[in-house]
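Please model the entire structure based on the sequences and the hints provided.
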Amino acid sequence: MAGLVTAFLAVVALAAVAALGAGAGMANVFGIAVPYVAVAIFVAGFIKKVIGWASTPQPFSIATTGGQQQSLPWIKQSKFDNPSTPFQTVVRMALEVLCFRSLFRNTKLDNRASEGRVGYGSDKSLWLFSLMFHYSFLIVLFRHMRFFLEPVPMVVTGVEFVDSILQIAAPTLYLTDVFFVVGVSFLLARRIWDPKVSYISLVSDYFPLFLILAIALSGIYMRYFAKVDVIAIKQLAIGLVSFKPVIPPNIDWSFYMHFFLVCVLWAYFPFSKLMHLGGVFLSPTRNLPNNTRMVRYINPWNDPSIKPHSYADYEDDFREKMIEAGLPVDKEA
Amino acid sequence: MSKMAPPEEVMKVDYSTPAESWMDVKPEFKLGNYSYPGKPDVLKYLGLPNPREWNPVEEDWKLPPDWREIVRDGFRELLKKYRSLKVFMDVCVRCGACADKCHFYIGSGDPKNMPVLRAELLRSIYRGEFTVAAKILGKLSGSRKLEEDVIKEWFMYFYQCTQCRRCSLYCPYGIDTAEITFLARDLMNRIGVNINWILEPVANCNRTGNHLGIQPHAFKDMMDFLVDDIETITGRRVEPTFHRKGAEILFITPSGDIFAEPGIYTFMGYLLLFDYLDLDVTWSTYASEGGNFGSFTNDKWMKKLNAKMYHEAKRLGVKYIIGGECGHMWRVLNQFMDTMNGPADFLEVPKSPITGTVFNNAKSTKMIHLVEFTADLIKNGKLKLDKSRNAGITATWHDSCNTSRGMGFFDEPRYVLENVVEKFVDMPAQTIREQTFCCGGGAGLNNGEFTEMRLRGGLPRGNALRYVQEKFGVNTMSCICAIDRATLPGLADYWAPGVKVTGLHELVGNALVFEGEEERTMNLRQEDLPGVEGSEEDE
Ligand code: HEM
Ligand code: SF4
Ligand code: SF4
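As given, the protein sequences belong to chains A and B, one line each in that order.
Our numbering numbers the first residue of the first sequence as -13 and each following residue consecutively.
Our numbering numbers the first residue of the second sequence as 856 and each following residue consecutively.
FYI, nobody ran anything at the bench for these hints, they're computed from the structure.
Every residue, glycine too, gets a C-beta built ideally from N, C-alpha and C.
Treat the hints with care, since some could be wrong.
[Said to hold, decoys possible] Computed cross-link-like contacts, DSS-like style, restricted to lysine-lysine with a CA-CA straight-line distance of at most 25 Å: (1) A:K293 / B:K1100; (2) A:K94 / B:K867; (3) B:K894 / B:K1155; (4) B:K936 / A:K259; (5) B:K858 / B:K885; (6) A:K293 / B:K899; (7) B:K1169 / B:K1155; (8) A:K34 / B:K936; (9) B:K1206 / A:K293; (10) B:K1218 / A:K293; (11) B:K1237 / B:K1206; (12) B:K867 / A:K182; (13) B:K936 / B:K1000; (14) B:K1007 / B:K1100; (15) A:K182 / B:K1007.
[Claimed, not checked] Computed, partial: chain B to chain A, Cβ under 10 Å: (16) Y870; (17) R938; (18) E975; (19) M1011; (20) K1163; (21) D1231; (22) A1246; (23) S1259; (24) D1281; (25) Q1285; (26) L1314; (27) R1321.
Okay, structure coming up:
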């Protein structure tokens, strides 16, 4: 509970700082300085973290096998849950990253003690809403390209077109905006109301959810309610990416708030659990093939000085008893 | 088991979470929820630090004065050696997908048995000691300082994890709590916090070759005993050999198979099969342990104990190795052996002398599973099997954690089983194959003092067994793991009384029809076969 409140207040405070600061003539700070710093932190932090993982050796090949192994030729291998070749492993990873394969397996404990039965029914809600959230995030991010590129590439307008296919409201409603908010809200609600999840939740679990929700809501406010001056904002965005930053007049305070929260997310990202984005690719239980009886896996720090208690020492220890029992020995007594 | 409440009561698990933060809940050591500490002479023999008498229920654990530095330095060292640890410390999103997957959580309701929280016990220290970001927010961010209470909590919960990896299957990032437990145990070993039921077997394996400490002559005696039994049952005198140089195959199985029921019947099954095939196979008393208690201790001891297998294979000049029915033994053989002790360039790619099948799936380790070998024999029609010798059995199959999630060994044993029994039904889908539930005794937790917690952890397996017992009349649970064979009989007695536990090759041994054999009147347990004259008609 303390974590939830702290995270919520932190996000409110951050939003207020930007809204008030930009209004008080600090547009330069929020429109130029902060974004550059945030992106720099994101890029440097992200690279540092990934290099830190990648440069650490993985001593053993420890795939978690989720299906039948490659075995005798007449036994059907479960190729993508228990891959034995690099290609199959790539497919496994792709399923993991693009379809959340492991989450798809999720079940829910149902202990009906009075009936003497315990069930583990399929529970795909986390899978569904996570997928909804992540793909909306991705598409929303992609759509933002229109602010940074002139002319706007066809793919971006294409995605926009499909996304607003329902043609309701003015400006037309993006489906991903709805999915995005629904997805985050589900994750947040679950964190609050599922006692198991709430018990394990920390500030750092609530904070990104509130932050992302605030980003989404402020974005929606700008688009559908404040109807901010998009031309001016595009000028600012293009100025930033071309390293000729300008602060056009007529930009609403709500934009600075939205933009600042995004910057906070960038800067926070490399130090947080959001790094699962990079980590999932380096997870040794998923990215290694189960072929360790076919191909020797090398551990760079394998210590050759560790030797078994030798047979010779063993025989020295037990020779007489062995001879007496009629067991063959290498050296007679 | 007089103190243990009946299953109906134990099933009523309280899954509610305490009002206070988990960091404020102290572990309570009670007989039945922890294992006894390592004995001083065992630690001394193994060269492990801080040998002493100590007791978890007492306040003072007699840690070395600089224990904090040792743990910190050790943690830093492991973070440099294991990418798995580093990634797993960093990427958990606490989504809770793993939370209700652990049998100890399902059976106890203790939130610290949720795999995510088990890992947080270590992760909180990682954050508190090694990251800047979380330090600022302190407890709210889930970081904390290394205190003695933390070590006590580690001891409690990293010895309430059987390294079964069920949690890892469901985690969207594959976070493997078994790996975290293994490394946490390594850290604790550095300050003398460990359990005797692991370390004494490690010491025994090292010196005598097997975890029970059976000396060579005694091992041979036990073998002779079983050979006599086989003669009583089948009229055949099988002639196993020891340390025979130039044999084609070295056979290694967990020593539990020669020592105690029901493992010995599986052992007799091995002997009968080898005799049937006239296989050029030899045994070793030096390498008489398939299991690897080092894999519950640290990477050094895992390697050192495993190294005996190749050492002995080389000395005897065999062509390849066959391994018997065991769980964690096979995780080590599949995922660790070649890396630690290979390359086995002095051996040849295993080729069945009976069928000519080349086992390319083991072309580097040169060690195959006996069940692969047997499945291939059956497929090629090389075994004459009479299922009616196992009549009366309605079998189900327990997939062992390690062969399931550290290998993927599902269809081979089922194929063999279906060829030796008349009736076979699987337990519910979400409790078998890769989703299988642990027996509760893995990773060194099959000791007497831990029985209560182990039986609670046995709830999911026990309940699934009970289900098929009631619904399909299952009366036998078969498995390919020595720890299972030791643990499951107790589990079945408690959760599904009346179900007996067998190894797979016990059933093979029963069903094998030798040319010109005398008719069998009893099975390997020396129970009368149903329908045989003179036997009691049992209902
Ligand atoms: C294999 C790929 C991925 C999987 C399986 C995955 C899974 C998840 C899950 C289960 C959550 C929910 C956490 C909760 O309950 O709060 C989550 C949250 C999140 N993920 Fe991913 N994710 C993946 C990749 C990514 C990528 C590529 C991004 C890129 C931005 C990303 C960004 C986020 C963010 C921003 C959150 C929400 C914040 C939070 O919950 O703390 N994820 N992810
Ligand atoms: S499933 Fe994985 S990411 Fe989710 S809480 Fe468990 S360990 Fe963490
Ligand atoms: S490895 Fe098994 S026992 Fe350990 S936390 Fe995971 S599910 Fe539980």
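- Query: Of the hints given before, which are not true for this structure?
  - Reply: Failing hints, ascending: 9, 14, 19, 22 and 24.
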